[in-house]
Amino acid sequence: MTQFSHTQTAHCESGVISNMFRHYGLEISEPMAFGIGAGIFFGHLPFVKVNGVPGTTYRIWPGAIFSRVCKRLGVKMESHKFGSPDKAMQALDEVIAKGIPVGMQSSVYYLPYFPASYRFHFNAHNLVVYGKENGDYLVSDPIMDTVTTIDHENLVQARFAKGFPEPKGKMYYPVSVPKQVDFRGPIRAGIKQACYYMLKIPMPMFGVKGIRFLAKRVKDYPAKVGDRRAGLYLGNIIRMQEEIGTGGAGFRFMYAAFLQEAGLLLKNEELKAIGKELTAVGDLWRNFAFSAGRVCKARAADNMSYGDLGNMLLHIADEEEKVFRRLSKVKI
Amino acid sequence: MKKDEVPQDGDNLHHGTFKQLFYAVDNSGDYTTASSVGWEPENVALDQAWEEVEKRVAETRAKVEAGTVSPIAYYMERTLLDLPLLASKAGKWGWQVKRHMQPGVFKNLSTTMIARYADIFGISPETLQKGELLPFQRPQ
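Same order as they appear, the protein sequences are chains F and E. Following our numbering, the numbering of the first sequence begins with 48 at its first residue and continues without gaps. Following our numbering, the numbering of the second sequence begins with 94 at its first residue and continues without gaps.
Please keep in mind that the hints were generated in silico from the structure rather than gathered at the bench. Quick caveat: nothing in here was measured; it's all calculated off a predicted structure. One thing to keep in mind: the hints can contain errors.
[Unchecked claim] Quick list of in silico lysine-lysine cross-link-like pairs, DSS-like style, CA-CA up to 30 angstroms:
id, chain 1, residue 1, chain 2, residue 2
1, E, K185, F, K215
2, F, K96, F, K323
3, E, K112, F, K323
4, F, K134, F, K239
5, F, K323, E, K200
6, F, K247, F, K369
7, F, K344, E, K200
8, E, K148, E, K95
9, F, K96, F, K314
10, E, K112, E, K156
11, E, K95, F, K209
12, E, K223, F, K217
13, F, K344, F, K247
14, E, K156, E, K96
15, E, K200, F, K209
16, F, K123, F, K134
17, E, K148, E, K96
18, F, K376, F, K256
19, F, K96, E, K96
20, F, K319, F, K378
21, E, K223, F, K319
22, F, K319, F, K256
23, E, K223, F, K96
24, F, K215, E, K96
25, F, K271, F, K118
26, E, K200, F, K271
27, F, K209, E, K96
28, F, K96, E, K95
29, E, K185, F, K271
30, F, K369, E, K156
31, F, K344, F, K239
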């Protein structure tokens with residue numbers, strides 16, 4: 048049976064990268080993977096609705112961190128999607144039989160071991176299958192504190208869930224992983240890209256502009272959609288911000304941990320200092336979620352509180368912009 | 094967030110079975126990890142999301158009992174699906190599924206179609222055929 052060293056991480060995608068690469072002797076921490084993959088982001092998409100509630104994201108789209116890290120570190124991956132569950136399961140069986148742990152995209156709704164409260168139809172969860180025993184698959188799910196198992200039927204359902212983003216049985220595994228990597232270039236590229244995404248996308252929904260965009264809309268929620276929907280909209284902003292393992296700060300703490308680690312590694316005091324500033328912004332995000340949670344709970348027709356929440360977001364946008372402007376000037 | 098500020102608002106949401114990992118700073122300002130059993134705003138938001146599901150399920154049940162929609166509509170809500178999702182799972186267009194939600198059309202659905210829906214909803218075809226409405230339970 049394949050041995051797989053499982054470490055619990057905060058988030059699934061960066062966690063799978065860290066766990067999987069370690070299996071091949073390439074040590075990379077979760078924050079380092081997140082930073083090199085330029086995972087930090089902000090986007091508010093009022094027209095992309097899930098159950099009638101507008102979408103908000105605090106990180107880059109699923110899969111992007113993975114492909115960027117592979118490209119920057121020179122890791123070669125095999126990745127497949129499938130038309131039929133039978134083929135997908137057969138391909139999985141063949142690869143794990145060779146002792147290769149396989150990453151895959153899944154829907155949390157069909158993962159029986161997953162914390163029950165989170166089991167909505169969310170299709171972009173990553174996990175690793177590293178073996179098979181008595182017909183059940185051995186699973187290393189990065190958000191769980193220990194390894195677990197899943198039966199054939201549920202794994203099929205999870206791999207072939209419908210809806211965006213549709214997994215279509217997607218599975219991936221490395222075919223060549225370098226043992227030693229100079230992190231300087233990848234760190235530089237990751238930071239440059241993150242700064243671009245946070246500061247320069249010429250559309251109002253993305254980056255720090257997106258935070259201001261959301262701020263304006265939050266202020267208008269009660270007047271525009273009524274109290275009940277306003278509460279639901281707000282609830283969704285909090286849930287996305289606290290997408291498992293962000294510490295309530297929408298990945299800001301994880302990125303700050305990356306800046307600190309990068310600063311130590313490259314002996315760059317400026318990066319460390321910016322990491323501290325971003326930690327402070329993360330705390331502002333937490334305060335926002337805390338206040339928003341209060342408003343949700345009160346279900347009050349209190350326009351003031353929505354106005355206040357909007358102002359908190361504007362303040363966050365200003366502070367976050369300062370951090371990324373400073374970061375964009377660092378020489379690495 | 095300092096390590097000793099990492100929230101531990103369990104609220105019994107995960108029944109003590111799940112802890113998530115957070116990044117937080119120690120006293121010297123360096124990052125480290127800590128586990129958390131939960132955080133109040135997230136508990137509020139999750140609870141709200143589940144309440145919304147319960148509300149929709151109850152509303153749809155009332156409509157089925159009043160004879161205005163078919164059990165397909167009820168089980169769609171019970172399985173947390175919406176129309177586009179259900180349609181793609183059933184391999185049908187949205188308007189077709191919508192039609193199946195009319196009680197008159199539902200009565201004449203083929204056994205294969207009933208079986209396909211039942212499979213999506215994780216219930217027996219007989220239950221769906223008879224229009225029995227199994228209760229909704231929040232996952233525990």
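Hint-by-hint comparison with the structure:
With a CA separation close to 18 angstroms, the supplied pair K185/E and K215/F stays within the 30 angstroms bound. Our distance criterion of 30 angstroms between C-alpha atoms is broken by K96/F and K323/F, whose separation comes to about 35 angstroms. With a C-alpha separation of about 26 angstroms, the suggested pairing of K112/E with K323/F holds against the 30 angstroms cut-off. A threshold of 30 angstroms between alpha carbons decides the hint, and for K134/F with K239/F the separation of about 40 angstroms lies outside it, so the pair is violated.
Distance hint between K323/F and K200/E is unfulfilled; the C-alpha atoms sit about 64 angstroms from each other, more than 30 angstroms. The hinted pair formed by K247/F and K369/F meets the criterion: a straight-line CA distance of about 13 angstroms does not exceed 30 angstroms. With a C-alpha separation of about 42 angstroms, the suggested pairing of K344/F with K200/E is violated against the 30 angstroms cut-off. A distance of roughly 38 angstroms separates the Cα atoms of K148/E and K95/E; the hinted pair therefore is violated under the 30 angstroms criterion.
Distance check on the hinted pair: K96/F and K314/F sit about 44 angstroms apart at the alpha-carbon level, beyond 30 angstroms; violated. Taking the CA atoms of K112/E and K156/E, the gap is about 40 angstroms. The hint is violated against a cut of 30 angstroms. A C-alpha spacing of about 40 angstroms is found between K95/E and K209/F, which places the hinted pair above 30 angstroms, so the restraint is violated. In summary, the hint linking K223/E to K217/F is not supported, as the alpha carbons are separated by about 37 angstroms, beyond the 30 angstroms threshold.
With a CA separation close to 36 angstroms, the supplied pair K344/F and K247/F exceeds the 30 angstroms bound. Between K156/E and K96/E the alpha-carbon distance is near 50 angstroms, which puts this suggested pair outside the 30 angstroms criterion. The straight-line distance between the Cα atoms of K200/E and K209/F is roughly 27 angstroms, inside the 30 angstroms bound, and the hint therefore holds. The hinted pair formed by K123/F and K134/F meets the criterion: a straight-line CA distance of about 23 angstroms does not exceed 30 angstroms.
Distance hint between K148/E and K96/E is unfulfilled; the C-alpha atoms sit about 38 angstroms from each other, more than 30 angstroms. Taken as a hint, the K376/F and K256/F pair is honoured in the structure, with Cα atoms around 19 angstroms apart against an allowance of 30 angstroms. Pair hint K96/F plus K96/E does not hold up; C-alpha atoms about 35 angstroms apart against a cutoff of 30 angstroms. A hinted pair counts as satisfied when its Cα atoms are at most 30 angstroms apart, and K319/F with K378/F qualifies at roughly 13 angstroms.
Proposed proximity of K223/E and K319/F is contradicted: the alpha carbons are some 65 angstroms apart, above 30 angstroms. Of the pairs offered as hints, the one joining K319/F and K256/F holds, with about 25 angstroms between alpha carbons and a cut-off of 30 angstroms not exceeded. A hinted pair counts as satisfied when its Cα atoms are at most 30 angstroms apart, and K223/E with K96/F does not qualify at roughly 34 angstroms. Distance check on the hinted pair: K215/F and K96/E sit about 40 angstroms apart at the alpha-carbon level, beyond 30 angstroms; violated.
Under the criterion of a C-alpha separation no larger than 30 angstroms, the hint pairing K271/F with K118/F is inconsistent with the structure, at around 44 angstroms. For the suggested pair K200/E and K271/F, the alpha carbons sit about 40 angstroms apart, so the restraint of at most 30 angstroms is broken. Distance check on the hinted pair: K209/F and K96/E sit about 39 angstroms apart at the alpha-carbon level, beyond 30 angstroms; violated. Among the hinted pairs, K96/F with K95/E is inconsistent with the structure: their alpha-carbon atoms are about 35 angstroms apart, more than 30 angstroms.
Among the hinted pairs, K185/E with K271/F is inconsistent with the structure: their alpha-carbon atoms are about 34 angstroms apart, more than 30 angstroms. For the hint pairing K369/F with K156/E, the CA-to-CA distance comes to about 53 angstroms; that exceeds 30 angstroms, so the pair is violated. Between K344/F and K239/F the CA atoms are separated by roughly 40 angstroms; this puts the pair beyond 30 angstroms, and the hint is violated.
Checked against the numbered hints above, the structure violates hints 2, 4, 5, 7, 8, 9, 10, 11, 12, 13, 14, 17, 19, 21, 23, 24, 25, 26, 27, 28, 29, 30, 31; every other hint is satisfied.
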